[in-house]
Amino acid sequence: MSTRTLVKKNTYIDSVSLMSISTKANALDGVTNAVAAMATPMNKEILTNQGLITAEIRDATPGDLVLIVVTSDEESADAALEGLVALLDRKPAADSPDSVTYHTLASAAEARTEANMAVISVNGAFAAREAHSALDSGLNVMLFSDNVSLDDEIALKNKAHEKGLLMMGPDCGTAILNGISLCFANEVRRGRIGIVGASGTGSQEMSVRIHDFGGGISQLLGTGGRDLSKEVGGIMMLDGIAALDADPGTDVIVVISKPPAAEVAAIVLDRLAASDKPSVACFLGAGEDIRAAAEQRGIPFFDRTKPAALEAVKLTGIREEDLDLHSLNWPLIEEVRGKLTPEARYIRALYCGGTICDEAMFLAMEKYDDVYSNIRKEAEFKLGGTDPSRAHTFLDFGEDEFTNGKPHPMIDPSNRIARFMEEAKDPEVGVIVLDFVLGYGSNPDPVGVMMPAFREAKALAASEGRHLEILAYILGTDADSQDIDDQVAKLAEVDVTWASSSTNTGLLAREFVSKGDLA
Amino acid sequence: MGGTVLHTTAVVGDREVLASLRNPVQGQVHSAFRSVINVSTEQPELLCLTSASVPRGPRSLQLGLDRMDHYGIASGDRVVGDGHTLRVGESLVIILAATPAWEDPPTCGTPDLERVEQLDALMGTPHSLLGATAFEKAVALRVRAGIASLRGGVLAGDDEATHRAAFSLAGLGIGLTPTGDDVLTGAGFVAARLGGRLDVLHRAVADVVEAGPTNDLSLTALRCALRGRAVQPLEELYSWLCGASTDDPDHLVADVKAIGHTSGADLALGLLTAVRLHQESRDC
Amino acid sequence: MSPITDLFSRPLSVISVGAAMFAEDIATQGAPVTHLEWSPPGGGRPDIVAALTTLSQPDIAARIEAANAEALERIIGSQPVLVGFAPALEVVPGMTKTTILHAGPPIEYERMAGAMKGAVTGALVFEGLAADIEEADVVARSGTITFSPCHEHDCVGSMAGVTSASMFMHIVENRPYGNRAFTNLSEQLAKILRMGANDQSVIDRLIWMRDVLGPILREAMISAKEIDLRMMLAQALHMGDEAHNRNNAGTALLIQALTPHILNSSFSTKDQQDVFNFVLSSEYFSGPTWMAASKAALDSAKGIKDSTVVVAMCRNGVDFGIRVAGTGDQWFIGPAQFVEGPLFAGFTVADKGLDIGDSAITETYGIGGFAMACAPAIVPLVGGTVSEAIEYSRSMMQITTATNPNLTIPILGFRGVATGIDVRKVEETGVLPVINTAIAHKEAGIGMIGAGLTHPPLEAFHEATLALAASF
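Chains as they are written, first to last, in the working numbering: chain H, -14 to 504; chain B, 13 to 296; chain P, 61 to 532.
Just chain H, with the same shape it has in the complex:
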């Protein structure tokens, strides 16, 4: 870590410039922290606490501007400070003569001939149009936007298929192409396993598990949540499998999704079977018929993410014996069972990630009948956005009934925090489950924002003489920017149990609250 400091005497810089400095400065090469602030006593105190104070700063007055860059290595430090100073000098309005602004995909694609990918996240009303424009310009497309009609999706995917281009989405939140993570994705090892995922957090979980088991990702393609419906028929999934099949960088193909329509499942499994490369099919919550169909074709099938990831890395030659499999911690389960009162029997799962919520819910449903959710299709078990929890309740806060105009819970946690406090008050609750997603696109400190709520909940339960088990799952790797160790340490601080995988989370939750069971 290297630090460079500059004090500009009696320098007043426009507010807008000052504010945007920090964000822009953080994007400079090698910069881990940047400060542009007036040298007031209070700011100096913070800088002292952060170990950034110098004699020059101490002598500065409130009318002086302090600039600090902290870089990961010595080499980039001087350049980083120069870069920070340059940001200040640049007028916000005047463009440099070399920077050109493009207003349309077509004009940008025409000028940037080497461009090969369009990432589109505009409002759903305009998304299809932009995607068509991108495909017409010969670009592969990642369509993050949702609220795109089924007809539009089919038309786009057919066009992409004809042109031999990717049409990832609509409602595709995760992809990793050529080692570059797009939208919501984690920083994972590059390797030989290719993933085609019809679900965002499911793909993230799969990639993170594979990384944890020592494997790596060649490409992670997304298809959007509706690709495996009967109407769309898996167009993108099939094209994705074909692409990975032909990719010299991919040795193993993994497919992950919530359960597809039966006829589409068959087509996908057929396509996997037709490939020379080994593959793994992971359909969460799939019934016996899909399992049988896979087995019939000789395709390893799993309805849980962790064993699917393990199988995939084994297929690349990694030996199971060499791995830490994070087996289920039975001593812990016994301990928690012992701590819970007989009354505390229910799981309340509050998730940001839809697919991992699914996984945990399906695991609970294997053991319990009274599982309710806003993402269950059966009317008798469906909960709306304003319904109170019932028995075992699994909530996906990313769904419309909860987001309703607010940002996604991965960015704005307030809805989930509010619900968490309610659950914490309920003595019938045995375990509250929460996911924390790290990586690109996510909150810089997901656990941190929950800490006050954790403390309050634990204190409340303690004052009422009961144990409240809180189980957290952090979806991330050691390479993500959010410092997973720090996140885990925070959980430990407030006595929150953490699970090592999505699968384990679901298993732990259902076992914690099991009463009169012989395991």
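In case anyone wonders, no lab produced these hints; they're calculated from the structure.
Warning: the hint list may mix true and false statements.
[Stated by the list, open to error] Quick look at which bits of chain H chain P covers, simulated, 3 or more residues with Cβ under 8 angstroms:
| # | segment |
| --- | --- |
| 1 | 114 to 125 |
| 2 | 145 to 151 |
| 3 | 165 to 172 |
Note that beta-carbon positions come from the ideal geometry of N, C-alpha and C, so glycine has one too.
Using the hints provided, position chains B and P relative to the given structure of chain H.
Positioned in the frame of chain H, the structure of chains B and P alone reads:
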């Protein structure tokens, strides 16, 4: 462009400023930006020459110009007023004759509880940690702590605690007017208007101004706040809170939020904090 | 190998539209990414988006492309030539003794802006149709006067653009297409009819222009025969003009061409001197000339079916009107806008009148605001920076069809001016044409109070887009 002198009229001016400029004055340019040129004179508060797009406020003269940065004016340039005109540097002359004065909104009663709730809902959560650097996170946490201490001190009527809390906010944060200063400005403005239990808050902010642990721009705003004066959008928002005839409140809030980068939101945070304190201290 | 697999073997290079944070994350990882400055097409209006979708269907788009190509061929191939000067009554189609032409789209007298009313009443007195201004107002409302846009009579008019029977007009002929365009003469100084002033000094000047200036110019042109305006305009652009607000070079070139012929004319030395001094008194003298040249070129593209190219942009101080090649004489209207720029001493934003005049015909042709990169010296007048001025000439390329190789911009590598505003591109990009123009006082009789930049209202383009979609 060298050599041209632009004569332009001041469109509207703060009443106090216009009165003081009827006498000759000497000063210099304190800082110059795209939308504002700040001038320091023998008076303790800066004089702000603003473009047409900047909200009116105490200590300001609004000019009929869209941008202020075309005239080569820089810090240190001489400013001379002869009672009729104000000459700034070599290239700008402001004609003061017939400039109307800005009217403060009429003083009103006390804030209406329902409107306070409404405003609270409209303002949303300030200072999320999203995208924050380590420094910004530290600032955000201290702002929350500082406000909590301020509340504690005022509710207890504790001068020393309130004083400490105010000083913990002074000069705190990024921005031309640091976050903590804007909070104190918003709160000080309400304290000046409502008095009573908020006097302890007023005294604390006055202490901050006296000690001056922050920059001139903030100090100017704080001094005006202590006289019950603030930029027009904030004054209008406060008038609405007190029951003044309605503009659509969404619009008032949007105008406040548009001040500076986060200054507006911070001013409103200070305002709301003080208004709530006033209500709570009445309830006890 | 499928194209997707091909993607895997090349470096990822991204174009992003929507949330900036996704682009920032990609940049952090070191992949090249361009983030668009995007706004919903058609201003987000679903009916406009639907119309744009109609216009982009392959068969329709093909027809539009072909029509636009033809329109551009004509506009670029046009060669406007000044062939003479004559009173409006003699040469302007449809002109009568009781006709008053005005700038902008059609508007009734009662609704006219203050400056235009001032000009109308002044012109009525000048023509002897009223004894004084008060009576002129009554006459104007009486129904005996025919009001019509200049544009509908092959004319253009600067600012209020009020043109009456006895006013001398430029006669501009478009080779090789044969159509003609006309415009009256600049009154030069600030207190002028075109700005809404109408006191006796204004009338007196108009009389002198009718009795001395016009006839001298007429005789000079008979001797000169013709002046190639396109070539002269190209020279003026290379000499630092943009031919709308800055006309120093153009005026010098024009009077230089006319001087020998003025000296040759039958008028007295004093009259000739008065003419030279008149031209000297303001560099604006050639402003109307370039307007007429632009009008002549653009009119040759009028009526080309299926074309989405704009052939006229004009304002009357209340409304802003555009005309499109493919929709004939139809006007598409939106509200006239304010002009943003520095004001002269003593005036404030409260004094500003709305955008007025036919002079936006220059931007429609690709000069004026579109050629600001030719005229850095205009920056103090209209505000902004030199870089911004240059940038406008670049950015207008995004909404035009082609560049005109006959009118080039030295600092941009002699690239031709951006020509042929395409309604569809304006809607798709959200970029509006920039217009560089004078600011008049909102009341009659006071005149020019500043200059600056403005844009047409998007509403006018919305109307045009809907009409175009309906026409297929």
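Hints and how they fare:
1. Check result for the segment 114 to 125 of chain H against chain P: holds, 5 residues qualifying (beta carbon to beta carbon below 8 angstroms, three or more required).
2. For the segment 145 to 151 of chain H, the proposed coverage by chain P is satisfied: 4 residues have a C-beta within less than 8 angstroms of a C-beta in that chain, meeting the threshold of three.
3. Evaluation of the coverage hint for the segment 165 to 172 of chain H: fulfilled, as 4 residues show C-beta separations to chain P shorter than 8 angstroms, against a requirement of three.
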